[in-house]
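Enquirer: Each chain is listed here by its residues.
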Amino acid sequence: MAKPTQITPDAPVLDTRRPPGKEVGVRQFSGIGAWLDDRVGLGKIAKGGLRKVFPDHWSFLLGEIALYSFLVLLITGVFLTIWFKPSMAEIEYSGSYQLMKGLPMSEAFASALALSFDVRGGLLVRQIHHWAAILFIAAMTAHMLRIFFTGAFRKPRELNWLIGVALMSLSLIAGFSGYSLPDDLLSGTGLRFVDGLVRSIPLIGTWAEFFVFQGEFPGSALIARLYMVHILLIPGILLALIGAHMTMVVYHKHTQFPGPGRTEKNVVGYPLFPVYMAKAGGFFFVVFGVLILMGATMQINPVWNFGPYNPSQVTAGSQPDWYMGWVEGAIRIMPNLETHLFGTTWSWNIFLPGVGLMGLLFTALGVYPFVEAWVTGDKTEHHLLDRPRNAPTRTALGVAGMTCYAMFWLAGGNDLLATQFKVSLNAVTYVMRVAVFVAPVLAFIITKRICLSLQRADRERLLHGSESGIIERSAVGGYAEPHAPLSHDEAWTLSQHAQHEPVEASESVDANGIPVPGGVSARRAQWSQRFFRDDIRKPTRAELEAAQEHGDHAASDAADEVKALGH
Amino acid sequence: MSHDTTHDALVPVGDHPVSDPGIEPHVPRYTDADVAAGNNAYRRILGLLALVPVLAIVNAVVYFAVPRTASFNVIGTNFNASVLFLGLTGGLAVLLIGIAMVAWARDIMTDQEIAEERHPAGSSDEVRAAALDKINAGIAESGVGRRKLILAALGGGMGALAIPAVVLLADMGPWPLGDERRRTIEKTIWTEGVRLVNDVNKLPLKASDIELGQLVNGEPATLFDIHDGADFQVQRAKAAIIVVRMDPASIKIPASRQEWQVNGILAYSKICTHVGCPISLWEQQTHHLLCPCHQSTFDLGNSGLVVFGPAARALPQLPITVDAEGYLVARGDFTVPVGPSYFERDSSKDFKEGDQ
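Line by line, the protein sequences give chains A and B. Each residue of the first sequence is one higher than the one before, counting from 1 in the numbering used here. Each residue of the second sequence is one higher than the one before, counting from 1001 in the numbering used here.
Worth flagging that the hints you see were computed from the coordinates, not collected in a lab. Treat the hints loosely; a few may be bogus.
Said to hold, decoys possible - Here are the simulated distance ranges between beta carbons:
#, chain 1, residue 1, chain 2, residue 2, range
1, A, PRO335, B, GLN1285, 22 to 28 Å
2, A, LEU337, B, ASP1179, 27 to 33 Å
3, A, VAL26, B, THR1069, 51 to 57 Å
4, A, LYS155, B, LEU1281, 51 to 57 Å
5, A, LEU337, B, THR1069, 51 to 57 Å
6, A, ASP37, B, VAL1052, 50 to 56 Å
7, B, ALA1056, A, SER30, 32 to 38 Å
8, B, VAL1052, A, PHE437, 40 to 46 Å
9, A, SER453, B, THR1077, 55 to 61 Å
10, B, ASP1346, A, GLU507, 43 to 49 Å
11, A, VAL250, B, ASP1346, 46 to 52 Å
12, A, SER466, B, ILE1057, 42 to 48 Å
13, B, THR1069, A, PRO104, 36 to 42 Å
Unchecked claim - With the Cβ distance kept under 8 Å, some of the chain A side facing chain B (calculated, not the full set):
#, residue
14, GLU209
15, HIS245
16, VAL249
17, HIS254
18, THR263
19, ARG433
All residues carry an ideal CB built from backbone N, CA and C; glycine is no exception.
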């Protein structure tokens, strides 16, 4: 059957069914179009970019959600700056919230209360802003996991992965600096923690603390400084990096999942104009609309319930926003290691889980594409995504990382786990100390086994077809389930991936100890071996043909038997 | 990272056991094939968009008509009417635009997939050669081939600019040198004779009024004489204490601290030695004090030693006594800095297990 690979505007099947109508369109560049073309070359831009093809898949929307949440953050954030006062000057509250009349509080908190009670729509916008921040980081995390598990970070997209890692880490700072601004009891407690964290840095900790807080905690400068970080510095860098991120997506063209007609040399999908302009543009409004509805119906960060910051008070169950939970957990379960040496104090119990763990995560994320490329020796460009099962070691590593993160995150709620499940807080803490190490190992083993089983299932399916669900009884009384052959499309999709081979050791240094270009050390070969050794081989063309013949034989054998019995 | 090229051959791209069937044939949608269905989709989209102006106007009406404080209760949840209806009308209006646009793309726009060719991200050999020509022409014309020092001098000059850029930040905060530290983070406003007061009602604490097992959150009376808001917060963050009364027979009081307490009434810093949360969860029977932030637990019946959690140092104890009228007063400042650790902190003076 002939299969179209190009769109034909005069598809006969459509023409016969379509109601007749006048063709509309622009016949020539004139007016504003011509004016712009004469000045900025609009024609060239439209010719090159308007019909750019993007592939369709639900998981490609995750990054879009992150992008649109960021736009919502910018829009709602501008509204909030109209009223918010980033000042730690103590004033007496005289707004309309009766329960706090006359209480001393910072101007920042008073203006957060004014936004919540005196500005119409202020609380709505505050809540949209907070939900958008939470969605922003959640969508970004999901997007990053999609990229990881499908191998979209491979050549030529390593730089875009690095930009993504930078975006991720900066967003955490953006979120944290944001929820520290209202100067309520919860946000002040968060800042108290930051003070302790900054202090714990060996050698320069005290200096960093005095420079950040302009002296002692809490001081009078921090909120104004955080405000600058939150509304200018970080969003500015985020915008620039997002611009670079998107530019590279356009330059590389989007990756696509394997399927009929999808190859490393093409991209199959719908054109930017009009389909993706409407779909992606519409999706921005969907994300924005859902965030507004969340802001309208779901209360978040009710600062008036917490009260103004008082450094001698705290509430039980104080928790940061979800994305800082893993750091919080690490801080909670860390054993109390501290070294006292010649009149100095080295706070490993804060520095390692706080600064160290964050550094470790983002470093591990940043170097992963390069480590994998080194292990696999893979230098080719990849535009077709991996099905996660076809990269079992990578998938298992990813799930192990997620599990480790989840364990730290759970540990961040060890008090809630203890009270909700009526177990000992101490026991929860001890268990989590072990779980952060053991659970990832288990997750790695289990995930790898699942991937290999799925690979085996694919192989079975390719060789023997799909189960028909019909049990046939043969004339001699045997029962068998006939298998239906796969469609060509599915057989291709299941078998199109490359069968990777580990790199083999070769002479990596010459007699004088000088590295040989292209040499593979024994250690590298060993890692490569570990990475690939369990992969299930996909069937070869010969095996497939043999299996098909066997299937035909089986069918004719059964027929022969019937004939024999008939005689 | 650089790799050799020999491994390209190990990752064969063309060894597919099944040939590529090519892009699936296009199947016309119902809305393409059936004129009535197409018209229905069209009407649906118009209907969605027609609601948007209605909602926008209702939204504006809500803004002016609904009082800010009006609220109502739905199954136990209290909703502010203004927030809720502004959000519902606005959110729905925005959402409808989105749904209409997506529906337009899905039901009306041509849905035939098209293929676009990809090209390698890198440049071809010819482009690279041409680029090299230009680069070399530039290098030659710049004269750095013969006058190499220009580049080094330029780089050095720019690098030197980092010095004023960094120095310019030196005033971001006071320098925590020894004197400054002793004046700030190593000192609180507790001094000899300062009364312990309840931190809420500001009333002085009388030894005879404190019952066995009771915990009172305290502050120095002098705190409330500070009228500068920022200084008040700084001092409160360090001076906060908890005052507990325990049965002297059931607790361990080391010899050096016999004079620090009044008949089993002890005062400790309220600021956790971990990251500085104010500790407040009092387990009366065990004499343990639990920090709600990270669950460090201190034994107040044993000089504030850590019994659980990430804190590494005992809670500093404030030496107290009674004045002539029977009110609790401090005997002086804490003997060690309160709060979280910092690099220059001399932690050898903290109370450790086995100290007397």
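Enquirer: Are the hints correct? Go through all of them and say.
Expert: To see whether the hints hold, each was checked on the structure:
1. Evaluation of the 22 to 28 Å hint for PRO335 of chain A and GLN1285 of chain B yields a pass: the beta carbon distance comes to about 26 Å.
2. A hinted range of 27 to 33 Å holds for the C-beta pair LEU337 of chain A and ASP1179 of chain B, which are about 31 Å apart.
3. Remark: the range hint 51 to 57 Å for VAL26 of chain A to THR1069 of chain B is upheld by a beta-carbon distance near 54 Å.
4. For the pair LYS155 of chain A and LEU1281 of chain B, the supplied restraint of 51 to 57 Å holds, since their beta-carbon distance comes to about 54 Å.
5. Separation of LEU337 of chain A from THR1069 of chain B is about 53 Å and conforms to the stated range, judged on CB atoms against 51 to 57 Å.
6. Range check, ASP37 of chain A to VAL1052 of chain B: Cβ separation about 33 Å, and the 50 to 56 Å hint is violated.
7. At roughly 34 Å, the beta carbons of ALA1056 of chain B and SER30 of chain A sit within the given window of 32 to 38 Å.
8. At roughly 54 Å, the beta-carbon separation of VAL1052 of chain B and PHE437 of chain A lies outside the given 40 to 46 Å, and the hint is violated.
9. Separated by about 46 Å at the C-beta atoms, SER453 of chain A and THR1077 of chain B break the suggested range of 55 to 61 Å.
10. About 57 Å separates the C-beta atoms of ASP1346 of chain B and GLU507 of chain A, a value inconsistent with the hinted range of 43 to 49 Å.
11. A C-beta distance of roughly 58 Å is found between VAL250 of chain A and ASP1346 of chain B, which places it outside the suggested range of 46 to 52 Å.
12. Taken as a hint, the range 42 to 48 Å is violated for the pair SER466 of chain A and ILE1057 of chain B, whose Cβ atoms sit roughly 56 Å apart.
13. Between THR1069 of chain B and PRO104 of chain A the CB atoms are about 24 Å apart, so this pair departs from the stated range of 36 to 42 Å.
14. Checking GLU209 of chain A against chain B by beta carbon gives a least distance of about 7 Å; that is within 8 Å, so the hint holds.
15. Violation of the interface hint for HIS245 of chain A is found here, the shortest Cβ-Cβ separation to chain B being roughly 15 Å, above the 8 Å cut-off.
16. The interface hint given for VAL249 of chain A is broken, as the beta carbon of that residue sits about 12 Å from the closest beta carbon of chain B, more than 8 Å.
17. Against a cut-off of 8 Å between C-beta atoms, the interface hint on HIS254 of chain A is violated, since the closest Cβ of chain B lies about 10 Å away.
18. Evaluation of the THR263 of chain A hint against chain B yields a held restraint, the C-beta minimum of about 7 Å falling below 8 Å.
19. Evaluation of the ARG433 of chain A hint against chain B yields a violated restraint, the C-beta minimum of about 11 Å exceeding 8 Å.
Hints 6, 8, 9, 10, 11, 12, 13, 15, 16, 17 and 19 from the list above are not met by this structure, while the remaining hints are.
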